[in-house]
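Residue numbers (the numbering used here), protein chains in the order written: chain A, 1 to 117; chain B, 1 to 115.
Please note that the accuracy of each hint is not assured.
To be verified - Some chain A residues near chain B, calculated using beta-carbon distances under 10 Å:
#, residue
1, Q6
2, I12
3, C13
4, S15
5, S18
6, Q29
7, T49
8, C94
9, P110
Claimed, not checked - Now the stretches of chain B that chain A is said to cover, found in silico as 3 or more residues with beta-carbon under 8 Å:
#, stretch
10, 15 to 28
11, 45 to 59
12, 102 to 115
By construction, these hints were calculated from the structure, which means they are not laboratory data.
Every residue, glycine too, gets a C-beta built ideally from N, C-alpha and C.
One-letter residues, chain by chain:
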Amino acid sequence: GAVVSQHPSWVICKSGTSVKIECRSLDFQATTMFWYRQFPKQSLMLMATSNEGSKATYEQGVEKDKFLINHASLTLSTLTVTSAHPEDSSFYICSARDPRTSTDTQYFGPGTRLTVL
Amino acid sequence: DQQVKQNSPSLSVQEGRISILNCDYTNSMFDYFLWYKKYPAEGPTFLISISSIKDKNEDGRFTVFLNKSAKHLSLHIVPSQPGDSAVYFCAASEGSNFGNEKLTFGTGTRLTIIP
Numbered sequence: 001g002a003v004v005s006q007h008p009s010w011v012i013c014k015s016g017t018s019v020k021i022e023c024r025s026l027d028f029q030a031t032t033m034f035w036y037r038q039f040p041k042q043s044l045m046l047m048a049t050s051n052e053g054s055k056a057t058y059e060q061g062v063e064k065d066k067f068l069i070n071h072a073s074l075t076l077s078t079l080t081v082t083s084a085h086p087e088d089s090s091f092y093i094c095s096a097r098d099p100r101t102s103t104d105t106q107y108f109g110p111g112t113r114l115t116v117l
Numbered sequence: 001d002q003q004v005k006q007n008s009p010s011l012s013v014q015e016g017r018i019s020i021l022n023c024d025y026t027n028s029m030f031d032y033f034l035w036y037k038k039y040p041a042e043g044p045t046f047l048i049s050i051s052s053i054k055d056k057n058e059d060g061r062f063t064v065f066l067n068k069s070a071k072h073l074s075l076h077i078v079p080s081q082p083g084d085s086a087v088y089f090c091a092a093s094e095g096s097n098f099g100n101e102k103l104t105f106g107t108g109t110r111l112t113i114i115p
């Protein structure tokens with residue numbers, strides 16, 4: 001199956017700093033990647049759809065100026081949490097659809113645990 | 001508005017028996033459904049999917065059933081194994097035909113297999 005990686009797997013930062021999370025498709029090219037957030041014991045909530053070469057599409061209620069998404073190449077999307085605050089502490093997961101298949105199956109990265117002190 | 005619902009937050013099943021996880025949805029535009037398995041602090045792992053033109057899809061120990069009229073799908077795992085203990089999410093999309101690849105997830109069901 002398709003492989004998606006994320007880096008870092010966990011990060012601790014001070015309040016007010018910015019954190020960048022990378023999402024890579026390792027064995028396929030992804031024109032579209034997705035960023036999710038999961039709070040403890042809750043479902044995955046889609047934050048935004050990252051489109052290669054164009055602006056990301058954000059879900060309602062997600063601050064685009066706070067969660068900056070850049071999809072600079074067909075294998076890399078980045079999520080930058082700007083001026084992080086403790087309430088941004090969460091588990092962030094990216095996914096991508098393998099265009100080699102004709103289905104909507106998305107393959108997920110291992111996730112990044114962000115803790116803001 | 002929770003468009004995909006998993007009403008059982010947890011389920012315990014004896015090893016070797018059948019595990020049945022249920023999922024209901026409200027959006028009639030959904031036409032592709034998936035099940036993911038998730039361990040703590042890891043990303044979801046794709047298990048099995050079904051398109052709305054089918055009512056059943058089987059892959060090894062995993063079978064997904066879809067009842068479109070009832071807007072209900074279920075995942076059957078048989079026989080259940082201890083390694084199946086995890087949180088299971090169902091997800092739905094409106095299909096790539098419409099160019100909408102977004103997945104909407106249910107709230108998850110924690111499955112515990114008792115040895």
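Cross-check of the supplied hints:
{"no.": "1", "hint": "Q6", "verdict": "holds (8 Å)"}
{"no.": "2", "hint": "I12", "verdict": "violated (14 Å)"}
{"no.": "3", "hint": "C13", "verdict": "violated (18 Å)"}
{"no.": "4", "hint": "S15", "verdict": "violated (23 Å)"}
{"no.": "5", "hint": "S18", "verdict": "violated (23 Å)"}
{"no.": "6", "hint": "Q29", "verdict": "violated (15 Å)"}
{"no.": "7", "hint": "T49", "verdict": "holds (7 Å)"}
{"no.": "8", "hint": "C94", "verdict": "holds (8 Å)"}
{"no.": "9", "hint": "P110", "verdict": "holds (5 Å)"}
{"no.": "10", "hint": "15 to 28", "verdict": "violated (count 0)"}
{"no.": "11", "hint": "45 to 59", "verdict": "holds (count 4)"}
{"no.": "12", "hint": "102 to 115", "verdict": "holds (count 7)"}
Checked against the numbered hints above, the structure breaks hints 2, 3, 4, 5, 6, 10 and satisfies the rest.
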